[in-house]
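Colleague: So the chains spell out like this:
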Amino acid sequence: MALETIDRAAKHLVSTVQDFTLFAMRALLNLFSRPIYWSDLVLQADIIGVGSATIVVFAGFFTGGVLAVQSAATLASFGATAVTGRFVAMSMIRELGAVLTGIMVSGRNASSMASELGSMVVTEQIDAMRALGVDPMRKLVTPRLYATVVMLFFLTIVSDFCGILGGAAVTVFMSHQNGTQYFSQAYEYLRFPDILQGMVKPLFFGLIISTIGCFYGMRTTGGTQGVGQSTIKAVVASSVLIIFVDLLISTVMVSIFSR
Amino acid sequence: MNEAPAAARPGDAAAAQAVVDFRGVTVGFDGPPVLDGISFTVGPRETRILLGPAGVGKSVLLKATNGLVRPDSGELLLFGEDISRMREHDLFPLRLRTGMVFQEGALFDSLMVRDNVAYQLIQERVPDEEIDSRVREALHFVGLDETFSLFPGSLSGGMRRRVAIARALIRQPELLLYDSPTGGLDPVTSTTIIELIVKQRDFYRTPSIMVTHRLQDAFLMCTHRFDNEAGGMVRLPEGEVDPNTTFLMLNEGKMIFDGSLHDLVHSEDPFVREFLE
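In order, the protein sequence lines correspond to chains A and B.
Here the working numbering is used: the first residue of the first sequence is 88, the next is one more, and so on.
Here the working numbering is used: the first residue of the second sequence is 1239, the next is one more, and so on.
If you are wondering where the hints come from, they were derived from the structure by calculation, not from laboratory data.
Note that the coordinates shown come from a computational prediction; the quantities given were computed from them, not determined experimentally.
Each hint should be verified, as a subset may be incorrect.
Computed, partial: chain B to chain A, Cβ under 10 Å [to be verified]:
#1 G1312
#2 E1362
#3 F1389
#4 R1405
#5 I1494
Stretch by stretch, here's where chain A covers chain B in the computed footprint (C-beta under 8 Å, at least three residues) [to be verified]:
#6 1333-1340
#7 1353-1361
Only part of the chain A face toward chain B is listed, based on derived beta-carbon distances under 7 Å [as the list claims (entries may be wrong)]:
#8 A96
#9 D106
#10 E182
#11 Q212
#12 A215
#13 R217
Glycine included, each C-beta is placed from N, C-alpha and C at the ideal position.
This is chain B alone, in the form it adopts within the complex (with noise of 0.2 Å):
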């Protein structure tokens, strides 16, 4: 499916419910336009997988969406609030309901793992006991109780990852945004990644935006589900897809897709045929 208006697609909730509205977004900085007209939707309990190319515009559309890049032209709705035009003091409330894992985890380096995690609530002057047991339990999320008093240079760039999704967590946000949470790790820490995206979608079912370029990361989100008996990720069963994960792909800075799984491998556009093959 090529071009799909978002209030079209399939089991889509109605578009007035959407926690992101994108409606012909425009960005550009010096030159021609990252992102030109970009318009879709996230719904309540959507994931979006938003795949590309390098360097084709997917970072910047993560950061436009909580306000950290402005846009030029469009309307840009995040929980129902345009934010397009807002000051920057008017957008920290809201950015305090959504959760953000960058690229590389931009975990402060200056603080402990504690204190990474529980940087809004430290700012918030939430008791420290409090702090400490919240900080325990996203720990004990991403499976990394020990790290608790570590800097962040004593870290992989996996446990980096892990400590970035669990200071994203920490005060269960309303939407997550995640910006290539797998790049550049070996693909046992990858998969130990998506586990952790899939547990966190099927757990918490907060929606959520992934920007990835790798496939199989997003076909993995699509064909798994988290059972917690079996503490891990299972496969569902064949020709069974997570229906609330859907696709969205860039190509020099236009959406050419927007659709489901069923739709992307199907899809006739010559540049989604490359990029799968």
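For reference, chain A alone in the conformation it holds in the complex (with noise of 0.2 Å):
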């Protein structure tokens, strides 16, 4: 009995993950064909870059002035406070600023994609699309990729800007410390790796939390009750993953560049 439930949840897991490849590779490949709904891209981008702006600029000041202040503490047992702009630097566009960028984005945008997609599907609006002709995949689905891809970013360092303003804030009103050198050690430290490493992070990003909040909301069943676990299911799937696929470009980035 316990093998048989094993098996079915396998079988399960496994016809999900072929289920979830296939749609995001068709949501991925709708951009090399005909017909291509700019003004659908444009619109996402608009809801999911711009209307995610103000959540993403003050959760990254906020996140650096926390930085600041947690390593001013410790750094000033070494007498290192001098290298809290470096410290707060490399933390946001190496790791926080996409990280926390990609959460954020994940818990407004996952869960509207798979609560509008959703109730769509429940409406059976996805079903009249079909119907009159249109594939919803390339209308609904490929748009809010790419727009999330492309918006996720530039969030990203609009969130290690501000990230690195909110340290210098902190630093110089809170700490009294200079601020240009908190800048300049911000600054020059900073390699190409590290940029990279910071810039590559939001275009997986913004894959994971594009395809999971459509690929639930596509296979919503089960009514508003359904609409609810597809967003649950979207924004913890997603949040999970981008910490998971954080782990590994981090590990894949460190042992390419050893830094």
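Take each chain as given, in its own frame, and dock them per the hints.
Modeller: Below, the structure written as structure tokens:
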């Protein structure tokens, strides 16, 4: 009995992964054949990118501030408070900017994609779209995927910038250190691999957020309760996957660049 | 008449000319088949009313007709092309030739009535002036001229169905599929919707399949015609029925009846008798 349950669960998992892979591949490849819904892509970029800008700015700023507060206390015991800028900039650009932005955008947009598409599924709007001769994958999923990938990249840059500013605010106004020293430390020790690591991650995170959000939305069953379930699954799965993929990318990058 | 093969049905055009041709179609999801070896045809100008209790697979059959649900076995011909194993991409041109009215209307909530009705035309990049005029014409047909700039959220259930009918008609499709267009509506609104369907049937003579579990709607369609001068439905003379409106009945996944109104009311099948009574 227990074996049967494990067997069924394993088959279900493999089948879901297979469906997800095919779904993501289709959504990605749709951009290379007609029709392409450019206006929907721009609309989604506005909703996802501009709509998430405020939370990303605040989250980035306060995270940078927290990093400065925590690091200043620790670094002071070594007499190394001068390197606070370096610590904040490295942490934000290599790691926290991308991950925090990914998780914030996932909470906001993976949930919105899953619930919006899920509602369309349960009210037969997706079937209606197909019956009207329009492919919902091209019209709804592909624009969300590319809009998320592109906008998350820029949102991560904004987050990094705000994080460094937040760290500077704490360093200058609370720790009473020199601002010029903070910024020169933050800038001088940055190297190409650090920037590359920070810029590659949002591309993968954007892919995860949009494909997971749309995948669970399009597979919604069971009415309004099903929409709620899809939304929860989308946020949980995308957040966990972001952290897991972050670990993978960091491991690969560190092993390649030894930094 | 029970289990009558479609080709043998009196008054039917040759099966070769059928707009829709189900040949032993079986559809299942997880569990026993929802549709089991279904065979019937819809000829040119023919209106088939699909009866059956709730949850018997009527909507699944309708969705299979234009490829929204894929059969597990059997052949399903739409406009003479076998769509049972056709790729989704190749189905879109065929779907453009059909109009479908969903159970609850399935209007796009974020779009105005104008954009809902014109959805296909907008995708085809038809000029705005032409879109506006065709949308107004379609809305006039369903008697909802004033809803042009409204959002679906501000419409009543009956109005939403009528907008859905306008959306299905705007490209003058070659086949119409109505999925319980009067389900959950009050009797007056239901009659308004049936009047529209009869008007469409008698005006454009488009072949159609209408799913319903309301016998009164089905009989109303058979016994009435649209009178353009009177601007409404009028009853056909006593004993006359519309010859192109015929019936199908589903039960437990099988097609248990295929025939005319006369055959239906004189059927000896126990389930049909029970359903009618």
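Colleague: Give a verdict on every hint.
Modeller: Okay, the hints, checked on the actual structure:
1. Given the 10 Å rule on beta carbons, the hint for G1312/B is violated: about 21 Å separates it from the nearest Cβ of chain A.
2. Because the smallest distance between the Cβ of E1362/B and any Cβ of chain A comes to about 9 Å, under 10 Å, the interface hint for this residue holds.
3. Interface restraint check: F1389/B against chain A, minimum CB-CB distance 14 Å, threshold 10 Å, status violated.
4. Interface restraint check: R1405/B against chain A, minimum CB-CB distance 8 Å, threshold 10 Å, status holds.
5. Below 10 Å, beta-carbon pairs count as interface contacts, and I1494/B has none with chain A, the closest being about 27 Å; its hint is therefore violated.
6. Counting residues of the region 1333-1340 of chain B whose C-beta lies closer than 8 Å to any C-beta of chain A gives 5; at least three are required, and the coverage claim holds.
7. Counting residues of the region 1353-1361 of chain B whose C-beta lies closer than 8 Å to any C-beta of chain A gives 3; at least three are required, and the coverage claim holds.
8. With 7 Å as the threshold, the beta carbon of A96/A stays out of range of chain B, its nearest partner Cβ sitting at about 16 Å, so the hint is violated.
9. Restraint check, D106/A versus chain B: the minimum CB separation of about 15 Å is more than 7 Å; hint violated.
10. Proximity of E182/A to chain B is violated relative to the hint, the smallest CB-CB distance being about 37 Å (cut-off 7 Å).
11. Interface restraint check: Q212/A against chain B, minimum CB-CB distance 5 Å, threshold 7 Å, status holds.
12. Of the supplied interface hints, the one on A215/A holds, with its beta-carbon coming within about 4 Å of a beta-carbon of chain B, less than 7 Å.
13. Taken as an interface hint, R217/A checks out: its beta carbon lies about 6 Å from the nearest beta carbon of chain B, inside 7 Å.
Of the numbered hints stated above, those contradicted by the structure are hints 1, 3, 5, 8, 9, 10, listed in ascending order.
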